[in-house]
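Asker: The lines below spell out each chain.
Number of protein chains: 2
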Amino acid sequence: MNDQLKQIYQTMKEKGFKLTPARKSMLKIFLESEQKLLNAKQIFNLVKKKSKKTNFSTVYRNLEVLTENGIVEKISYNKETKYKLRGQGSHHHFMVCTLCYKTIPLPFCPFGELETYIKSDTDFLPINHHVEIYGYCNNCRQKLEN
Amino acid sequence: MNDQLKQIYQTMKEKGFKLTPARKSMLKIFLESEQKLLNAKQIFNLVKKKSKKTNFSTVYRNLEVLTENGIVEKISYNKETKYKLRGQGSHHHFMVCTLCYKTIPLPFCPFGELETYIKSDTDFLPINHHVEIYGYCNNCRQKLEN
DNA sequence: TGTTAAATGCAAATGTTTTGCATTTAGGAG
DNA sequence: CTCCTAAATGCAAAACATTTGCATTTAACA
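Quick mapping for you: the protein sequence lines, in order, are chains A and B. Just so we're aligned, residue 1 is where the first sequence starts under my numbering, counting upward by one. Just so we're aligned, residue 1 is where the second sequence starts under my numbering, counting upward by one.
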């Protein structure tokens, strides 16, 4: 079994959450789906493929649990709320194609110097940050040009 | 009259939008309110104070017009959608206190080097970006410590 | 002052997310 | 392996934010 998946199962267990079919299904969906940013409806539909009897409330409740435990990240932009699996360990940001929603990780976090500056020059205490780059991926750009 | 307001009125006029009381009221709210990030409900309530007969659809429709014309910016984080007046000219980002929602502008945009990197090293075409720092402002931090 | 397109108010619809509650189930104890 | 219990689920209904259709009003300009 996939290493990342194994680790997530481990985390869930440690925190006392049950490994229900719905949850396993959702995690596999995140791991296997081509698109890494999914909204609740998409996830619901994919879960439904396996167990036709699932329900939006289950999906939402599980997204909440996964989000609160740092396994999944919730991202809102332009009305749409999407979810993605958190990379294990190293935190990073994404470039998001606004046409196909392909997500490309940024190789570094631009927050480093920024944080240094904020801490030394302001009295604001930074806790969290949110960086996203929107634009066109190579594919979509080529389509646009034709 | 405030210079920024004058300029916005000018812009609206040029684009053929009417300067209705609701719109003037909303713009003044953005300019005068202590809090610079407001959600639709807050704006609605403030508008209502002046003209008791206003309506959510008016507020939303105007927020849309203002957003589409670059006068107002729409920001979503953690479920909440908020709006703020765009700084005239220079674009900037904010540090947002997650307790009182006070917003403190960042004195520079960390996107500069990032953009350079992306353009030279990836085939992604960056169009837009979104940077926000969340944490505690000085005031709230002091309150927390007591 | 009159005309007209644009903006408004209202009520109802939409879409997403949440909740209460009865039922089912994962996972540990025995 | 079986039982027990807290946690998770499914369902229906509610809550909430946002949008829409339509009749009425109004800003802006001739």
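Since the hints were derived computationally from the structure, they do not count as laboratory data. If you're wondering where the values come from, they're calculated on a predicted model, not measured in any experiment. Please note that the accuracy of each hint is not assured.
[As the list claims (entries may be wrong)] Simulated restraints, written as ranges between beta carbons of each label pair:
id, chain 1, residue 1, chain 2, residue 2, range
1, A, Ala-40, B, Asn-69, 30 to 36 Å
2, A, Pro-21, B, Gln-7, 57 to 63 Å
3, A, Ser-57, B, Leu-5, 45 to 51 Å
4, A, Thr-116, B, Lys-74, 45 to 51 Å
5, B, Gln-7, A, Glu-115, 43 to 49 Å
6, B, Gly-70, A, Asn-138, 56 to 62 Å
7, B, Ser-57, A, Asn-55, 27 to 33 Å
8, B, Lys-15, A, Lys-49, 24 to 30 Å
[Stated by the list, open to error] Coverage of chain A stretches by chain B, computed from C-beta distances (three or more under 8 Å per stretch; other residues unrestricted):
id, region
9, 60-69
10, 134-141
[Stated by the list, open to error] No more than 20 Å apart at the CA atoms, straight line, and that leaves these computed lysine to any residue pairs for SDA-like:
id, chain 1, residue 1, chain 2, residue 2
11, B, Lys-119, A, Lys-84
12, A, Lys-84, B, Ala-22
13, B, Lys-53, B, Met-12
For each residue, glycine too, the CB sits at the ideal point set by N, CA and C.
Asker: All hints, please: hold or fail.
Answerer: These are the hints, each one checked on the structure:
Distance hint check for Ala-40 (chain A) and Asn-69 (chain B): the Cβ-Cβ separation is about 31 Å, which falls inside the suggested range of 30 to 36 Å. Distance hint check: the CB atoms of Pro-21 (chain A) and Gln-7 (chain B) are about 58 Å apart, consistent with the given range 57 to 63 Å. In this structure, Ser-57 (chain A) and Leu-5 (chain B) meet the distance hint of 45 to 51 Å, their C-beta atoms being roughly 46 Å apart. Taking 45 to 51 Å as the suggested C-beta distance range, the pair Thr-116 (chain A) and Lys-74 (chain B) does not conform, at roughly 30 Å.
For Gln-7 (chain B) and Glu-115 (chain A), the hinted distance range of 43 to 49 Å is not satisfied, since their beta carbons lie about 34 Å from each other. At roughly 28 Å, the beta-carbon separation of Gly-70 (chain B) and Asn-138 (chain A) lies outside the given 56 to 62 Å, and the hint is violated. As the Cβ distance of Ser-57 (chain B) to Asn-55 (chain A) is approximately 32 Å, the hint placing it in 27 to 33 Å holds. Here the CB-CB span from Lys-15 (chain B) to Lys-49 (chain A) is close to 47 Å, at odds with the stated 24 to 30 Å.
Judged by the Cβ-Cβ criterion of 8 Å, the region 60-69 of chain A is not covered by chain B as claimed, because only 0 of its residues qualify and three are needed. Counting residues of the region 134-141 of chain A whose CB lies closer than 8 Å to any CB of chain B gives 6, so the stated coverage by that chain holds, three being the minimum. Note on Lys-119 (chain B) and Lys-84 (chain A): the hinted pairing is violated, with a Cα-Cα distance of about 25 Å set against a maximum of 20 Å. A C-alpha spacing of about 39 Å is found between Lys-84 (chain A) and Ala-22 (chain B), which places the hinted pair above 20 Å, so the restraint is violated.
Using a Cα cut-off of 20 Å, the hinted pair Lys-53 (chain B) and Met-12 (chain B) is violated, with the two alpha carbons roughly 23 Å apart.
Hint compliance for this structure: hints 4, 5, 6, 8, 9, 11, 12, 13 are broken, all remaining hints hold.
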